[in-house]
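Asker: Dock chain one against chain two, each of which comes alone in its own frame, and use the hints as you go.
These protein sequence lines map, in sequence, to chains A and B.
Going by my numbering, the first sequence opens with residue 1, and the numbers climb by one from there.
Going by my numbering, the second sequence opens with residue 1, and the numbers climb by one from there.
The set of hints was computed from the structure by calculation and includes no laboratory data.
It cannot be assumed that every hint is accurate.
[Stated by the list, open to error] Derived lysine to any residue pairs resembling SDA-like cross-links, with alpha carbons at most 20 Å apart:
id, chain 1, residue 1, chain 2, residue 2
1, A, K42, B, Y114
2, B, K217, B, K342
3, B, K213, B, W39
4, A, K329, B, E121
5, B, K118, A, H326
6, A, K36, A, V52
7, A, K304, B, L172
8, B, K85, A, L9
9, B, K85, A, A299
10, B, K169, B, L181
11, A, K42, A, S112
12, B, K169, A, I311
13, B, K280, B, G325
14, B, K214, B, K344
15, B, K85, A, R307
16, A, K304, B, I158
17, B, K118, A, V52
18, B, K426, A, E298
19, B, K217, B, Y204
20, A, K109, B, A422
21, B, K52, A, F108
22, A, K304, B, K169
23, B, K52, A, V238
24, B, K118, A, R47
25, B, K426, B, Y204
26, B, K217, B, T351
27, B, K169, A, R307
28, A, K304, B, L163
29, B, K426, B, I209
30, B, K217, B, K348
31, B, K205, B, W347
32, B, K52, A, Y105
33, B, K343, B, Y204
34, B, K52, A, R47
35, A, K111, B, S427
36, B, K118, A, E189
37, B, K390, A, T148
38, B, K85, A, D147
39, B, K85, A, I60
40, B, K285, B, I266
These are the residues of each chain, in order.
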Amino acid sequence: MLYVVLFFLMFSLLLYVVLAGADFGAGIVELFSSEKNKQITKKTVYRVMGPVWEANHIWIIIMIVILWVGFPEFYNILVLYLHIPLTLVLLGITLRGVAFVFRHYDAFKDKSQILYDWMFRISSFITPIFLGMTFGAMLSGKIIITDTYENLNFYDIFINPWFNGFSFLVGLFFAALCAFLASILLIGEANDNERPIYVKKSRIANMAVIIIGFITLCYGFLTHNTFVVNFVNNPYAVVLISLSTLLILPLIKSIKAAHKIRTRSFTGIQVVLILMAALVTQYPNLIITSHAEFSIIEAASTEKVIRVLGITLIIGGLVILPGLFHLFKSFKMIKIFEQKA
Amino acid sequence: MDNLDAARMQMAFTLIFHIVFACIGMVMPFFMVVAHKKWLNTKNPIYLTLTKSWQKGVAIFFVTGAVSGTALSFELGLLWPEFMKHAGPIIGMPFSLEGAAFFVEAIALGFYLYGWNKLPEKFHWFTGVIVGISGVASGILVVSANGWMNAPSGFDYINGEFLNIDPIKALLNPAWFTQALHMTLAAFTATGFAVAGVHAYQVYKKRHIELHKKAFKIAITFGAIAAILQPISGDISAKDIAERQPVKLAAMEAHYHTTQGAPLYIGGIVDDENQKVSYKIEIPKALSFLAFGDFNAEVKGLNDFPEDVRPNVPIVHYAFQTMVGIGSLLLIVGILFFISLKKKSWWKNNTFWLLFTLLAPMGFIALEAGWIVTEVGRQPWIIHNIMKTKDAVTPMPGMIYSFYMYVILYAILTVAVTWLMARQIKSLNTSKLV
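Bound-form chain B, shown alone (with noise of 0.2 Å):
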């Protein structure tokens, strides 16, 4: 592995990391105050139990999503500082903004945390909500950065150089709307499945049914209304890079030949030598209605970019099918949960709970498939049409030991967290109920 390779990996291994602590971080305390306030209203203790351990589990994950977040913020520059050089002024206010939105999460979260009978009831679960809203607040600000690298804007690039900065459109770059709100939705799906599938295994063990299935209603509730609106986002995000970026739309689709009326692939396998993808199902002219909405517009093929420019075509298609595979799969059990809210004979059935059991990783899996469609997508670029990866890189040699030394830092981080979590429901099912 060269040290380019190197890099990238690191980079990508600690997103993927990150991204799940921190969608957590920012999803939970939403489910927090949701129970916190039903034990306001009703005083049901089980609601007060399950605000005490799910804020134990926001202590957590905001604590690994926030030193992952640190660690990110250095990795930025330490990976690619030729990138950071001319990007860093430029994306700057996202940041900037990102780290005070940050900062009022960790005031509030010390309030929240602490506040336990010693501040006034509505104002300590005010703090609450305050996390929560801070916290989808970064996530916004640091996809909006992420947008500006697949619609860098802002700027004039004249022989090379960064001129005339103007950091505020950079901060509203066209890709920013239609990045947060799929990432938003899909971080409120993903955390929403992942905690529902907690509760709904202990359901299923019978382990205080009646705790679990609250836990359950709030999480599931989120995670369901996140997955019936993703369709209509992923609907804008594929029309903006058909706009913007036709390259990622072909390699999101094999789509290797310009045509008009273009089908569209569900599935297959990619065989990129010879420009194939067999196995897969067919529907034709799909393609070009859902990237143009129109059944006959002409979709850009791979063979139209030059070979340099274009990115691994498997990983990006294999992605894609993935997200929206499990995308519709989620969708699908979304409206289930909706009806099984007036077919009250379905949670009798332990059937009902192993299936929401064996889809908790599902929503993270899709999330990880998306960022891999849109990052693996935008390559060879760092910067879209601008920089290439190989041009920002660090010139320290030996990136590969980094990478390592990572890897064995965030795999003993995975599986204490997951111990830790285990712990915690393991705490709360010997307790007695308040």
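In isolation and in its complexed conformation, chain A is listed as follows (with noise of 0.2 Å):
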């Protein structure tokens, strides 16, 4: 039952990367966009994320309930020592998620549009930045778990962990995976006028991913970060990550040649690779301390407490998914009989 519920927790994980991060995406691509396009840019937004938004960013909580019920140890130490870092990402999530209903449920269309929308470009951009830095930090190997709080500095406990460059880097990677997945998504729900302008976002997001993310492993390594010697030193960290490099090339044909559905799968594929590369050389030790390495597994409740949250975890599953699945299908339906008519 234990790895039922790991599963759970990874398969929330991914969604929540894919999904929520195709939604801070779309933001973080309005953002980085000419005056005409951002308006483009976000009746597109408002067409695609609209239904399904509230739901790709439940995954976080269904995450967070399994991390304290399954694995309460693992939890404290997160919401011990990045306090900070998830107090920020809560503040952009809030401010995103109102300025997205805001600016189109407000009944007047006025000045009042401006402030919704930079709010929303703004906490798109910055909320993935804190998130990302979040999971640098859980690999920085700067946390140091104490109980005598008193012996050392507010800097080098609640700070330091997060305030550093490999988290910041890890941050920056997060951010421009979100864009270039809404880019992606973006380009397949365009009209065909509109299509070139996301052709070009996803090439440059695209282009980011590799080049921050080659920075970052670069900064990593100088700077003997466990993670990252962990990360080259391991052969399958390193299959799975050249596959995810190479799949660019037909995910460039693709684009160009306008398959929508080849698109989406190479690009979920090139992100789930990413992860499962970081997972591979981690797993199960997700943590890494200043002098530690700390296992989800060992963190794990009692058998019963597993036992119940993964019966409830499939339940839940059943009821979800086809739910979930039904949305987006038939969404996707509505819009293709408007095209039609």
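Answerer: Structure below.
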């Protein structure tokens, strides 16, 4: 049952990164667009994300609940030592969510739109950076686990783990990944004369992912980051990341050929491969502290709790996944009908 | 303010905010589907206009409730890491089910909001019903988790360790039913009176009278029925608390000395130092009867408990008085509403509309007061008789800044949402009806 629970945890993580990532990315694409394209993107984003964005963001709640129920000690480290970046992530999620709804449900479309738009764009950009910094902090090797807070200073315990070069690079990497996902998604949803905008954007975002990823690895290697050293020495991780990089060639081809489904599949696989490479390297030691690696399995709750959690997740999954699938599917179908009509 | 106080203030502030939005997001879908059903049945376009404007309200409140709820799911751990480390596995069940219910709600809302003219009529309407039902289910599950903090169960506490965890027993803790019933009725009362009040004001101001009267009637029917049923639930709660948390009951009533045939105090000013309540109305033997169903039963006073396990008496007492006072008022007005259905002349009198306008915020004031009773009344415990709040708080210093950040954030959100609602109504009033 432990593996069922771990599967759901990883599954939620993947879906959160891909779905919510594309959501965040849509705001980033809008932010880095010309004034005219911003308005086009705004309309497309609303049409594409409107029905599904709320559901996309619930995956993080599922993750949090699985962590605190199934792996309380693990969760405890995150909330204790990464309090500040997590609070900033929350601030971003809140502002972004309300801005998205305000700008579409405000009864009058006037100057206040400018405020909502900028709130949406900026928080869409900042939130994944802080989220990425949180992931980076887990692997930074700078978390100091202690019971005697009085003897250490605030900066070392609560700031240094996430506020450092490596974490920041991971944050940027994650934001670039989001922008990449979103621009690929938007290619398929835009109409013919708007499509070239997103084709161009997806190329830029893809380059950004590769370049920032490469810089992150180099920086980590030069600063003797445990995770990066493990990463480059792990044959599976190297194979996975190479595969992901090689996929770029067929991806560019299929973007050119305007193959909607193939493009999305390649992108999805690419992102999943990157995540898998990172997981293969570190699993099950998903937190690296200043003097040890912390295993998620050792932090697991008792068997009975895990069993009940696993059963709840399976039942929940049986209810939610078909509904979610139907939601995605029906709005896609509706769009196709609209285009025909 | 020390770290513990700052963390408690932040938690209280976030909850006070979240509760309002969550309740409206949970109850308004029911008003919406009733209006929608009436549109389907009568094809009176007023109902369509009403449904669509309520749906915008639901969308705005749902999102605000959802994001503040996401924040809360993190805050539980961020502010109270020691609590979540031990309680997380035990009360994970209601939270994971709540996650599922919330997910269903988000999916159904996606269908509902974007399904106009696209989905089959009846299926579309039904997705709205699912929004409402799953919303109430999430509410009940979250309250069950809170119930566990008042009535911890489903584990053995041995030498400071939580052993033999049984998540299902924890979910069905002794407090879950009384609390969930009381809260669900309170949510319907508060939202019913608030929404009715907003529409009553529009009638008072003579704007689109036909539409706002229809809206008023739907909302107040829910609110009035819930308000009339609430005393039954309140009675069950009082008897339950008398058994399980006698110190909370004593604080609610500012009852210091253990007595047989204890009197009930209504109102009054608490002098905690001298253990006196002045300017109160005293009903002999009523407290004993309400708590135990026996006029001569013994009710334990605060003095029977060590000083370090007593909650703040004045806060709990005043909050309790506020809740009961407003609850009784809304009960009477609820009955008046049903009488008004027979006496149509009342509806022509503007005082009638003014009355409901003034009552708009009352339900929520009572609801917040009720939560203050149960939460402040549980102190100093975060898990009743097991773990103290001060032992659960985060060791990270400087929580006061985090508190300020949340105050600013939620103050802005409150102003923004109020402003948006005012604009919705303005737009509704300036629009021609379909």
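Asker: Taking the hints in turn, state whether each one holds.
Answerer: Hints, verified against the model:
1. A:K42 to B:Y114: With a Cα-Cα distance of about 17 Å, the restraint between A:K42 and B:Y114 holds, given a limit of 20 Å.
2. B:K217 to B:K342: Satisfied, since the Cα-Cα distance of roughly 13 Å is no more than 20 Å.
3. B:K213 to B:W39: 15 Å, holds
4. A:K329 to B:E121: Holds, at roughly 18 Å.
5. B:K118 to A:H326: Distance of about 14 Å is within 20 Å: holds.
6. A:K36 to A:V52: 25 Å, violated
7. A:K304 to B:L172: 17 Å, holds
8. B:K85 to A:L9: Holds. B:K85 to A:L9 sits at ~18 Å (cutoff 20 Å).
9. B:K85 to A:A299: 11 Å, holds
10. B:K169 to B:L181: Cα-Cα ~18 Å, so holds.
11. A:K42 to A:S112: 15 Å, holds
12. B:K169 to A:I311: Judged against 20 Å, a Cα distance of about 16 Å means the pair holds.
13. B:K280 to B:G325: 13 Å, holds
14. B:K214 to B:K344: Holds, at roughly 14 Å.
15. B:K85 to A:R307: 18 Å, holds
16. A:K304 to B:I158: 18 Å, holds
17. B:K118 to A:V52: Given that 20 Å is the threshold and the Cα spacing comes to 16 Å, the pair holds.
18. B:K426 to A:E298: Not satisfied, since the Cα-Cα distance of roughly 58 Å exceeds 20 Å.
19. B:K217 to B:Y204: 14 Å, holds
20. A:K109 to B:A422: 14 Å, holds
21. B:K52 to A:F108: Since the Cα atoms of B:K52 and A:F108 sit roughly 15 Å apart, the hinted pair holds (cutoff 20 Å).
22. A:K304 to B:K169: 12 Å, holds
23. B:K52 to A:V238: 54 Å, violated
24. B:K118 to A:R47: 14 Å, holds
25. B:K426 to B:Y204: 15 Å, holds
26. B:K217 to B:T351: Holds. B:K217 to B:T351 sits at ~16 Å (cutoff 20 Å).
27. B:K169 to A:R307: 14 Å, holds
28. A:K304 to B:L163: Cα-Cα ~11 Å, so holds.
29. B:K426 to B:I209: Status holds; Cα separation ~14 Å.
30. B:K217 to B:K348: Measuring from Cα to Cα gives roughly 14 Å; hence the hint holds.
31. B:K205 to B:W347: Cα-Cα ~14 Å, so holds.
32. B:K52 to A:Y105: 11 Å, holds
33. B:K343 to B:Y204: Since the Cα atoms of B:K343 and B:Y204 sit roughly 18 Å apart, the hinted pair holds (cutoff 20 Å).
34. B:K52 to A:R47: 18 Å, holds
35. A:K111 to B:S427: Cα-Cα ~16 Å, so holds.
36. B:K118 to A:E189: Given pair B:K118, A:E189 holds - Cα atoms ~18 Å apart, limit 20 Å.
37. B:K390 to A:T148: Holds, at about 17 Å.
38. B:K85 to A:D147: 15 Å, holds
39. B:K85 to A:I60: 19 Å, holds
40. B:K285 to B:I266: Distance of about 13 Å is within 20 Å: holds.
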